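Take the sequences, apply the hints, and build the full model.
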Amino acid sequence: MIELSHIRKNFGDLQVIDDISLKVKEGSVTALVGPSGGGKSTLLRCINLLEIPTSGTIRLGEAVIEFAPGKKVGWDAVQKIRRQTGMVFQNFQLFPHRTALENVMEGLVTVLKWPREKADARARELLTKVGMAHKIDAWPSTLSGGQQQRVAIARALAMSPRVLLCDEPTSALDPELATEVVEVLSKLAAEGTTMVIATHDLRLASRVADHAVFLEAGKVVEQGAADRVFGAPEHERTRRFVSSISAAVQSGYGEGI
Amino acid sequence: MIELSHIRKNFGDLQVIDDISLKVKEGSVTALVGPSGGGKSTLLRCINLLEIPTSGTIRLGEAVIEFAPGKKVGWDAVQKIRRQTGMVFQNFQLFPHRTALENVMEGLVTVLKWPREKADARARELLTKVGMAHKIDAWPSTLSGGQQQRVAIARALAMSPRVLLCDEPTSALDPELATEVVEVLSKLAAEGTTMVIATHDLRLASRVADHAVFLEAGKVVEQGAADRVFGAPEHERTRRFVSSISAAVQSGYGEGI
Amino acid sequence: ENLDKIKKAGVIRIGTEGTYAPFTFHDAANKLVGFDVEIGEAVAKKLGVKAQFVEGKWDGLIAGIDADRYDAVINQVGITDARKQKYAFSEPYIASKAVLIVRDDNTDIKGFADLKGKKAAQSLTSNYGKMAEASGAELVGTDGFDQSIQLVLTRRADATLNDSLSFLDFKKQKADAPVKIVAEQAEASYSGILLRKGDDELVAEVNKALADIKADGTYKTISDKYFGQDVSK
Amino acid sequence: MPHWLQLMMDSFPTLLWAGVKFTVPLTLLSFAFGLTLGLITAVTRLFGPTPLVLIARFYVWVIRGTPLLVQLFVIFYGLPSVGILLDAFPAALIGFTLNIGAYSSEIIRAVIASVPKGQWEAAYSIGMNWRQAMARTILPQAARVAVPPLSNTFISLVKDTSLAAAITVPELFQAAQRIVATTYEPLILYIQAAIIYLALSSVLSALQVRLEKRFSRYGGMLEANR
Amino acid sequence: MPHWLQLMMDSFPTLLWAGVKFTVPLTLLSFAFGLTLGLITAVTRLFGPTPLVLIARFYVWVIRGTPLLVQLFVIFYGLPSVGILLDAFPAALIGFTLNIGAYSSEIIRAVIASVPKGQWEAAYSIGMNWRQAMARTILPQAARVAVPPLSNTFISLVKDTSLAAAITVPELFQAAQRIVATTYEPLILYIQAAIIYLALSSVLSALQVRLEKRFSRYGGMLEANR
Ligand SMILES: Nc1ncnc2c1ncn2[C@@H]1O[C@H](COP(=O)(O)OP(=O)(O)OP(=O)(O)O)[C@@H](O)[C@H]1O
Ligand SMILES: Nc1ncnc2c1ncn2[C@@H]1O[C@H](COP(=O)(O)OP(=O)(O)OP(=O)(O)O)[C@@H](O)[C@H]1O
Ligand SMILES: [Mg+2]
Ligand SMILES: [Mg+2]
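Protein chains in written order, with the working numbering: chain P, 1 to 257; chain H, 258 to 514; chain A, 515 to 747; chain S, 748 to 973; chain C, 974 to 1199.
FYI, nobody ran anything at the bench for these hints, they're computed from the structure.
Source: prediction; values computed, not measured.
The beta-carbon is built from N, C-alpha and C at its ideal position, and this holds for glycine as well.
You may find that some hints are simply not true.
Claimed, not checked - Across the chosen pairs, the derived CB separations fall in these ranges:
| # | chain 1 | residue 1 | chain 2 | residue 2 | range |
| --- | --- | --- | --- | --- | --- |
| 1 | S | 864 | P | 234 | 36 to 42 Å |
| 2 | S | 830 | C | 1112 | 51 to 57 Å |
| 3 | C | 1057 | A | 744 | 44 to 50 Å |
Below is the structure:
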């Protein structure tokens, strides 16, 4: 479904993605984990070309684009890839001038040209799913962090993309809600949507991911089946990272459980 | 240290904080937990008067302000409270036109009138503490989510406030970093800073908090010693909320540990 | 060949300001009237065509004849050597004398010679400006006679030069304005109809028309109507 | 009745009529065309290929840099020498349109650029193309900041139309000057004209307030007195 | 040498001198004063008590709504009747300052309001008072959007100073008119004046580009051609 080969991304002199190759199977869920600043967001943004990679090749379905420094990428090709992908941004990026409902309807009406009533019904359904039925007409600026995040998720889901890219989709959610949202996402995955999720919530990752990729400093340190990467990491670095949570769990409320 | 009595906050017809009374002892750490939209951020913002409560009384150190609908609050009184409090915002709110270093120096130079070199040294020290030494001269717009959050924490710490209000201070951090940041905060608490932390990371909460407050729909459902609230919650609602994580842990990567 | 064009169109286009009483201005019914306007109409009639007036500001008026926006300018254009170099003029159709205007209470200025070192408010594009300058006055630029008078009234300028006819019109409107004439120029200056160069036929026809209206009394009627006297000399 | 009041009342219909007949249509038409031109210019400068960007910059540079009066002169009196003879009204319309286009393009460019990049990304991420992103996401947000400076431009235009008098358009101010020519009361007549201009601009100011309210209703910024 | 070129070369020093002596100082002084007045007015409208807000709105309404020429006339020819007799230059300076103040206040108000509320909160949260927040947090961010519309106002001003001729200030355009009076070449002289205006505005345009770069270096928005 998605195939990245030798993707690099530089910002000026800074190499943020360093020769990453990755395959994501249709209908699978891939978790991108790793320390802050490791390049998770950037990699996700490269997949739907919000950042144009410095070099490498991206294949998404039938669309293939090759990148090289100085080479311009055709708008059509970009658009072809973007039409197949949805994205939940780390900082939500809701449209401030549209209500929660309108945010979710926007793509349906503008891009898919659905009639308003149909779009309205679908948007309400999705907002209800993420527990936002009571805030349908609220402006984003009046929503709490978790509420904004849920609208952002609903907005991305609305387009029923073949590929859903989620950047920390539960970072602002309390554990209960996170679990619910994870459920929604799992169901989506089961229905065949391909997902790539950047997250530092290893619980979420291990719960929904088939495949896990551990990214640090723009390089893939370890990747493989999620169970294996989280359960029995091969690399020392990965082991330390994964264990940091168990440590926290053990020393913290974990005692109380 | 901080005493809220009968605080209410309405946005138009919507009552977001509903008669909350709360005492926070000097040097203690209070965790505000609860579902998304429960009013955690709003309550924090009421404490340093970024939102003016609709009614109630706030005491912070020697400053006491009483609120009533239609009653104007003096700027001096507000400023007196704000000078004693620092805040880490849920969405960071870095100054986009200042580099990471300048963001941290800003308060020292402008408010405390420190000489530039002294402020510079202090800012570097803090940024190093939160693992941001390598991004000292970066603009906020080029920082990853977690990096922004760490700068925001450093900015708040720089002012050495008597009271530190943290709104989801680890939401964008990976578990390793979260642990480190929690350590920094714990040390601060040990040194006598009073802290109120809104968080959905119950591990963090149980790790650093003396006192826990469970907020839902603007009301306090349960409060008490953190150990007790997380370990043996009295209320059915709290129990369910706390158990949602243990559930996640058990079904998720917890198995692998 | 311009003459042919005019004849063929049946219209002569005349540029004028429309804001210079009593020569070219709008009456209470907002109709364009005035001495120059009626002269233009009378001349056109003699040419066997209709007069069509185009109103614009002074600087534009001159540019407009270059750009062929009209065939003639009738707007109290003084006949000077400088202008003759670029444009053709008809025979003069009016003679006027420059007068020196000061405030009632001004006793310093008694004649043109006293202008030396004094401030004269003048429309810069007019002949009078040059006359004042020649007398040694320092010029204060204005957009027209009405402003020049204002400057004199507010003592920002000591004097203004203009033609006697305009001043009379002004006094008619504002009898109690505290200004007076202290001197009159000895020799009259003449204004003519401004035409493009290189069209001698048209100049000749216009001159003939001017002569005709003087001969048949039309000119006198117009002159009496606006000034109560014959202003051709 | 005092003299000045009489004069004002007498001249009022004449001035108003000149305003309605020339000033208002000239203002409205050149603003509509100019705003379109400004949007095109702004978008070209932000997104166009380099040659077009240079042309757009040149256009803005020349038009902003030279007096409107001179531009009108060139269009009306200068173009005939290259065989283009325009009537006064169309000449004025072209001049004002070019002007509004240049000034408004700077404003539009600034406000488009002020919308955070993330909003483009959000629009693209739900599959919008550039045009849709611009129309539905960027411009509505940019409009909020654009309204006051654009209405500055619009309201200036109302009064700048008086320059059309220089190229023989008998608009409001010219009408006032005509009356001054026979009454020698510039102050009274000009104030009279100013009152009518003020009435026209007040309509625009009221529109501005409405638009500002409309574009700001989604909050997220300072609640402030206006 | 063709006639027109000769004429241009002859008149150039005269025009330039008028520009340097009157146009430039008038522009710079009235912009400096006007911008200060605009900032005060904008802040009053955003944060002031209601009576002051009403006064500020009235000021903006009247000044934006009436022609600059009339304002100059009233100051120069009208005020003497109440005993205030100003020289031409100060009268012009007052008129232009009031104008820049009104127009720029609208721009400043819009851009101040465009900075997200969260930035005020961030500034307050580290203990800044209102003044510090404004000076160090809000205005620097607002400046990014403000530069193009403000430079519109500034560049317009350069050319509007020609209106000062109406109240006898012998500035650049009037110098051109004086030469027109003897040469009857308005088009050539006006183009000549336009070239000098263009040179003056080019300095401002260059300044605008520099300021835009400076205020935008922190990124977060569209990378675009300019
Ligand atoms: N526009 C940019 N210009 C320069 N550097 C950038 C830019 N965007 C990202 N970076 C840098 O690239 C690195 C990777 O950033 P990225 O946002 O991908 O990290 P991340 O893995 O998502 O981190 P987090 O978990 O904190 O969100 C960071 O060091 C960041 O500072
Ligand atoms: N300015 C506002 N206007 C109207 N409603 C608001 C405003 N700010 C917050 N609210 C509402 O108040 C409620 C509480 O919001 P708050 O941000 O305090 O929640 P929270 O507990 O911090 O949630 P989260 O965990 O999602 O951040 C929410 O329902 C929100 O929609
Ligand atoms: Mg990220
Ligand atoms: Mg919150």
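_Distance restraint hint 36 to 42 Å, applied to the beta-carbon atoms of residue 864 of chain S and residue 234 of chain P_ = At 39 Å between Cβs, range holds.
*For the range 51 to 57 Å, tell me whether the beta carbons of residue 830 of chain S and residue 1112 of chain C fit it or not.*
52 Å, holds
*Cβ separation of residue 1057 of chain C and residue 744 of chain A, checked against the hinted range 44 to 50 Å*: Taking Cβ atoms as reference, residue 1057 of chain C and residue 744 of chain A lie about 46 Å apart, which means the hint holds.
In the structure shown, no violation is registered for any of the earlier numbered hints.
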